[in-house]
Amino acid sequence: MPKITYIENNGKSHTVEVDKGLTVMEGAVQNNIPGIDADCGGSMACATCHVYVKEEWYNKINEKSEGEDDMLDQAYDPNKFSRLSCQISVTDEIDGLVVDLPKKQ
Amino acid sequence: MIKTDALIIGAGPTGLFTAHQLNIIGLKCEVVDNLDKIGGQCIELYPDKPIYDIPAVPECTGEELTKNLINQLKPFDVKFHLNERVEEVKNEKGQWQVKTNNGTIFSTPNVIIAGGVGSFEPRKFTPKECEQYEGKSIFYSIKDKNIFKDKTVSIFGGGDSALDWAVELSTNSNVNLIHRRDEFRGAKSTLNKVYELEKEGKINLFTKYQLKNPKGNGKLDSIDIQHENKEIKNLKTDFILGFFGLIMQLGPIANWGLNLNKKTIEVDTEKFETNQKGIYAVGDICSYPGKLKLILSGFHEGALAARACFKLARPNEKYRFEFTTSSSSILKRLGKKSD
Chain P
1 MPKITYIENN
11 GKSHTVEVDK
21 GLTVMEGAVQ
31 NNIPGIDADC
41 GGSMACATCH
51 VYVKEEWYNK
61 INEKSEGEDD
71 MLDQAYDPNK
81 FSRLSCQISV
91 TDEIDGLVVD
101 LPKKQ
Chain Y
1 MIKTDALIIG
11 AGPTGLFTAH
21 QLNIIGLKCE
31 VVDNLDKIGG
41 QCIELYPDKP
51 IYDIPAVPEC
61 TGEELTKNLI
71 NQLKPFDVKF
81 HLNERVEEVK
91 NEKGQWQVKT
101 NNGTIFSTPN
111 VIIAGGVGSF
121 EPRKFTPKEC
131 EQYEGKSIFY
141 SIKDKNIFKD
151 KTVSIFGGGD
161 SALDWAVELS
171 TNSNVNLIHR
181 RDEFRGAKST
191 LNKVYELEKE
201 GKINLFTKYQ
211 LKNPKGNGKL
221 DSIDIQHENK
231 EIKNLKTDFI
241 LGFFGLIMQL
251 GPIANWGLNL
261 NKKTIEVDTE
271 KFETNQKGIY
281 AVGDICSYPG
291 KLKLILSGFH
301 EGALAARACF
311 KLARPNEKYR
321 FEFTTSSSSI
331 LKRLGKKSD
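Sequences listed follow chains P and Y, in order.
For the first sequence, my numbering assigns the number 1 to the initial residue and increments by one for each residue that follows.
For the second sequence, my numbering assigns the number 1 to the initial residue and increments by one for each residue that follows.
The set of hints was computed from the structure by calculation and includes no laboratory data.
Positions of the beta carbon are idealized from the N, C-alpha and C atoms, including for glycine.
Some clues are possibly wrong.
Not everything, but these chain P residues come out facing chain Y in the computed CB check (under 7 Å) [stated by the list, open to error]: (1) 74; (2) 77; (3) 80; (4) 81; (5) 92; (6) 93; (7) 96; (8) 100.
Partial list, derived from the structure: chain Y residues whose beta carbon lies under 7 Å from chain P [as the list claims (entries may be wrong)]: (9) 46; (10) 129; (11) 158; (12) 185; (13) 229; (14) 232; (15) 248; (16) 252.
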């Protein structure tokens with residue numbers, strides 16, 4: 001199973017195994033990782049599952065969905081490595097992915 | 001002061017159907033919502049997105065679902081208080097007194113919280129220094145546009161609100177429009193207008209910039225904005241406007257002394273009552289073992305909470321279960337003739 005590492009804003013790191021086919025957001029929610037709210041449940045209708053993808057991973061994950069940048073405009077403190085974790089699919093290729101969580105959602 | 005049998009907080013699908021269930025059993029209710037329209041998340045977040053798991057409705061959008069729920073309330077007199085947020089609650093001789101930010105006071109034995117994931121509030125700027133200017137020189141919505149006349153206004157955001165206000169204010173103010181990327185999500189026609197005004201020198205456009213911090217000594221004087229590549233620019237400005245959409249916050253309800261579990265309120269599964277007698281929580285905002293965050297669960301929870309309200313609203317009467325198909329009193333409330 002692919003492993004994903006979520007690093008909280010305070011530096012606390014969580015590495016969990018996430019089933020293929022889920023999203024990075026679901027991996028966090030199912031493992032009770034604090035810092036990802038996912039208020040809308042993954043329908044890309046809010047911006048509360050915002051993560052910063054580590055630079056070395058940014059180009060290896062699936063591309064942004066249409067409209068994802070529009071939602072990211074509304075995220076807390078976005079930067080050029082910002083993604084909505086509900087739009088990142090978990091596959092074997094992203095085994096080892098590391099994402100940083102923002103200070104708040 | 002408004003007296004009612006039950007006060008519903010939240011006009012989303014769960015709140016609407018709960019209002020229906022209260023009226024079916026002969027109770028009056030009022031509904032408060034912080035948004036300016038009825039429908040909650042269905043209208044604010046996904047009006048056009050199809051929903052496939054409403055029983056007996058194979059497919060409908062958030063907007064259609066809301067319309068149908070409003071239609072279902074037509075036979076009844078349900079008063080909506082939109083653009084109002086509940087602030088305080090206190091117990092006065094067994095009645096709950098609930099006060100809104102507009103100063104409306106409700107007195108009721110039953111308060112049903114159908115607040116979804118909380119009330120929608122504007123997203124604010126990241127830098128902490130912004131708080132001291134909020135409401136004076138930093139705004140997230142505009143009440144009186146005349147205060148910007150002949151002043152410099154820096155508008156942040158890339159959606160319709162940011163673009164519309166940039167165009168509108170450019171007639172009488174010096175406008176900076178600042179957005180974190182090159183693309184805007186607002187209407188194409190407005191965007192073209194913005195580019196036109198930029199050419200005419202009426203709007204100064206800064207893309208790939210975000211607010212770094214506001215500057216001033218008590219009174220806002222300028223802002224530092226930072227480019228994606230870290231370069232910093234200083235702009236003189238009198239006002240800052242931020243249009244970053246809305247976020248859901250539990251808000252003042254978090255301080256009502258209710259047992260909370262993360263951002264949800266703990267309830268029992270018989271009455272959907274919280275740890276406070278006469279305060280219930282239904283829909284996405286409630287939690288109990290096995291809770292499913294589906295609209296259909298909210299309908300069930302609202303129906304049961306409505307029955308629980310009867311006892312406190314009509315202490316001297318006995319609640320009798322009846323079907324809408326056969327009860328003459330229900331048919332009368334619905335304005336239908338019984339056979």
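Hints, verified against the model:
Of the supplied interface hints, the one on residue 74/P holds, with its beta-carbon coming within about 4 Å of a beta-carbon of chain Y, less than 7 Å. Because the beta carbon of residue 77/P sits about 5 Å from the nearest beta carbon in chain Y, less than 7 Å, this interface hint is met. Here the hint on residue 80/P is kept, as its CB sits about 6 Å from the closest CB of chain Y, short of 7 Å. Here the hint on residue 81/P is broken, as its CB sits about 11 Å from the closest CB of chain Y, past 7 Å.
At a threshold of 7 Å, the smallest CB-CB gap from residue 92/P to chain Y is about 30 Å, leaving the interface hint violated. Of the supplied interface hints, the one on residue 93/P is violated, with its beta-carbon coming no nearer than about 27 Å to a beta-carbon of chain Y, more than 7 Å. A distance limit of 7 Å between C-beta atoms decides the matter here; for residue 96/P the minimum to chain Y is near 27 Å, and the interface restraint is violated. Look at residue 100/P: its Cβ only gets to about 15 Å from chain Y, farther than 7 Å, so that hint breaks.
The beta carbon of residue 46/Y comes within 5 Å of a beta carbon in chain P, closer than 7 Å, and the hint placing it at the interface holds. Evaluation of the residue 129/Y hint against chain P yields a violated restraint, the C-beta minimum of about 14 Å exceeding 7 Å. Hint on residue 158/Y holds. Least Cβ distance to chain P is approximately 5 Å, under the 7 Å limit. Evaluation of the residue 185/Y hint against chain P yields a held restraint, the C-beta minimum of about 4 Å falling below 7 Å.
A least Cβ separation of about 10 Å between residue 229/Y and chain P goes past the 7 Å threshold, and the interface hint is therefore violated. For residue 232/Y, the interface hint is violated, since its Cβ never comes within 7 Å of a Cβ in chain P; the closest pair sits about 15 Å apart. The beta carbon of residue 248/Y is positioned within 7 Å of a beta carbon in chain P (closest approach about 5 Å), and the interface hint is therefore held. A least Cβ separation of about 18 Å between residue 252/Y and chain P goes past the 7 Å threshold, and the interface hint is therefore violated.
The structure is inconsistent with the numbered hints 4, 5, 6, 7, 8, 10, 13, 14 and 16, although it conforms to all the rest.
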